[in-house]
Amino acid sequence: GAGVSQSPSNKVTEKGKDVELRCDPISGHTALYWYRQSLGQGLEFLIYFQGNSAPDKSGLPSDRFSAERTGGSVSTLTIQRTQQEDSAVYLCASSAQPADTQYFGPGTRLTVL
Amino acid sequence: GNSVTQMEGPVTLSEEAFLTINCTYTATGYPSLFWYVQYPGEGLQLLLKATKADDKGSNKGFEATYRKETTSFHLEKGSVQVSDSAVYFCAANDYKLSFGAGTTVTVRA
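Read top to bottom, the protein sequences are chains A and B. Using this note's numbering, the first residue of the first sequence is number 1, and each one after it goes up by one. Using this note's numbering, the first residue of the second sequence is number 114, and each one after it goes up by one.
No wet-lab data here; the hints were simulated from the structure. In this text, a Cβ means the ideal position worked out from N, Cα and C, and glycines have one as well. One thing to keep in mind: the hints can contain errors.
Away from chain A, derived, C-beta distances all over 10 angstroms, residues of chain B [claimed, not checked]: (1) Glu129; (2) Ala140; (3) Thr141; (4) Tyr149; (5) Lys165; (6) Ser171; (7) Glu176; (8) Glu182; (9) Lys209; (10) Val218; (11) Val220; (12) Ala222.
Estimated spans, in silico, between C-beta atoms of each pair [said to hold, decoys possible]: (13) B:Gly191 <-> A:Leu113: 45 to 55 angstroms; (14) A:Gln80 <-> B:Glu182: 40 to 50 angstroms; (15) B:Pro153 <-> A:Pro61: 26 to 36 angstroms; (16) A:Arg64 <-> B:Asp207: 26 to 36 angstroms; (17) B:Ala222 <-> A:Thr78: 23 to 33 angstroms; (18) B:Gly142 <-> A:Gln83: 28 to 38 angstroms; (19) A:Gln80 <-> B:Thr164: 36 to 46 angstroms; (20) A:Thr111 <-> B:Pro123: 20 to 30 angstroms.
Just a few of them, taken from the derived set where beta-carbon distance is under 7 angstroms, the chain B residues facing chain A [to be verified]: (21) Pro153; (22) Leu157; (23) Asn206; (24) Tyr208; (25) Phe212; (26) Ala214.
With the hints as extra help, turn the sequences into a complete structure.
Shown next as structure tokens:
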């Protein structure tokens, strides 16, 4: 079946611009996660959605980052007023239930000039 | 939350050599443990997992055993191939994954 998909695969933006990254989880998966992979910080958790519960935003690095999940499926991660330190690969994952195996999408490589 | 420490790389091996990558974790409970692999130019893929103490995960010739007494989940493969060249990540899961820093493995023909 279809895996986790993300778009765009690459995004180049100028410092100060806003960007939106999209994630389509595996159909039927209730849990959705965003992570960030950067050279200096490795793989970091950003945010977690489970069903209709309030999201766990504990990993978001600043208030410029936000995410939403509409209809329990597609999620969008928004970064406002991008900074060069936001350059990274943003990974989305989903799992059937919390604490189940997470399956990752191919990522969006964000470059902030 | 959990934290994971894994062996620093890079690791360079010859084909058919034995590979081991050490991984230890700290956790308040008993998280599920995973090894993910990232091949060059590709995304993160699940390699193997173990959900409780003494469980052994295995896949593609790789094995790792969940050791509660030593809080470890070391990855091993008896005979590596060039195609095993990748970055390997150990992770602990208590709903969100805590990853180790990753170990880059290069296998030479």
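These are the hints, each one checked on the structure:
1. Glu129: holds, 30 angstroms
2. Ala140: holds, 12 angstroms
3. Thr141: Thr141 of chain B is indeed farther than 10 angstroms from all Cβ atoms of chain A, at 14 angstroms.
4. Tyr149: Contrary to the label, Tyr149 of chain B does not stay out of reach of chain A, its closest Cβ about 8 angstroms off (not over 10 angstroms).
5. Lys165: holds, 12 angstroms
6. Ser171: Nearest chain A Cβ is 15 angstroms from Ser171 of chain B, so the label holds.
7. Glu176: Correct as stated: the minimum Cβ-Cβ distance to chain A is 17 angstroms, above 10 angstroms.
8. Glu182: Label holds. Min Cβ-Cβ 22 angstroms, cutoff 10 angstroms.
9. Lys209: violated, 5 angstroms
10. Val218: With a cut-off of 10 angstroms, Val218 of chain B remains clear of chain A, as the shortest Cβ separation is near 16 angstroms.
11. Val220: holds, 23 angstroms
12. Ala222: holds, 28 angstroms
13. B:Gly191 <-> A:Leu113: 45 to 55 angstroms: 47 angstroms Cβ-Cβ, so the 45 to 55 angstroms window holds.
14. A:Gln80 <-> B:Glu182: 40 to 50 angstroms: holds, 47 angstroms
15. B:Pro153 <-> A:Pro61: 26 to 36 angstroms: Between Pro153 of chain B and Pro61 of chain A, where Cβ atoms are some 28 angstroms apart, the hint holds.
16. A:Arg64 <-> B:Asp207: 26 to 36 angstroms: holds, 27 angstroms
17. B:Ala222 <-> A:Thr78: 23 to 33 angstroms: Given about 46 angstroms between the Cβ atoms, the range is violated.
18. B:Gly142 <-> A:Gln83: 28 to 38 angstroms: holds, 36 angstroms
19. A:Gln80 <-> B:Thr164: 36 to 46 angstroms: holds, 39 angstroms
20. A:Thr111 <-> B:Pro123: 20 to 30 angstroms: holds, 25 angstroms
21. Pro153: violated, 13 angstroms
22. Leu157: The hint holds - Leu157 of chain B has a Cβ within 7 angstroms of chain A, the shortest such distance being about 4 angstroms.
23. Asn206: holds, 6 angstroms
24. Tyr208: Holds, because the Cβ-Cβ distance from Tyr208 of chain B to chain A comes to roughly 4 angstroms (cut-off 7 angstroms).
25. Phe212: Holds, about 4 angstroms.
26. Ala214: The hint holds - Ala214 of chain B has a Cβ within 7 angstroms of chain A, the shortest such distance being about 5 angstroms.
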